[in-house]
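Chemist: Sequence:
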Amino acid sequence: MACIMYGSGLRRIELIRLRVNDIDFDFGHIRIWNGKGYKHRIVTLAPELTSALKHQIEKVKILLEEDQQSAEYAAGHPA
163 MACIMYGSGL RRIELIRLRV NDIDFDFGHI RIWNGKGYKH RIVTLAPELT
213 SALKHQIEKV KILLEEDQQS AEYAAGHPA
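Residue numbers for the sequence shown follow the numbering used here, so the first one is 163 and each next one is one higher.
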């Protein structure tokens, strides 16, 4: 998280609101919605972060799929 803030110049609230859909790996930028002054902006995605972010997204996708296969997750009951 600190690398994204430093490498792309995001503010804390912008980082917290960041969604996977806001990251554009093809063009190398991040879309920020309702930042400071409720303005939208586009910032550069630091190239050094691309592989780490893709790896994290893939890791979370796998965890979500495992959770969805769990009967407790599907039923909404705690483990």
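Among the clues, some could well be false.
[Stated by the list, open to error] Here are the simulated distance ranges between beta carbons:
#1 210 / 183: 31 to 41 Å
#2 165 / 234: 32 to 42 Å
#3 169 / 200: 35 to 45 Å
#4 219 / 175: 16 to 26 Å
#5 233 / 171: 26 to 36 Å
#6 200 / 234: 15 to 25 Å
#7 201 / 231: 33 to 43 Å
#8 169 / 221: 34 to 44 Å
#9 191 / 234: 15 to 25 Å
#10 182 / 209: 14 to 24 Å
#11 231 / 189: 27 to 37 Å
#12 188 / 234: 33 to 43 Å
#13 221 / 177: 10 to 20 Å
Since the hints were derived computationally from the structure, they do not count as laboratory data. Just so we're clear, the structure is a prediction, and the values are computed from it rather than from any experiment. For every residue, glycine included, the Cβ atom is placed at its ideal position computed from N, Cα and C.
Chemist: Can you name, in rising order, the numbers of the hints this structure does not satisfy?
Modeler: 1, 3, 5, 6, 8, 9
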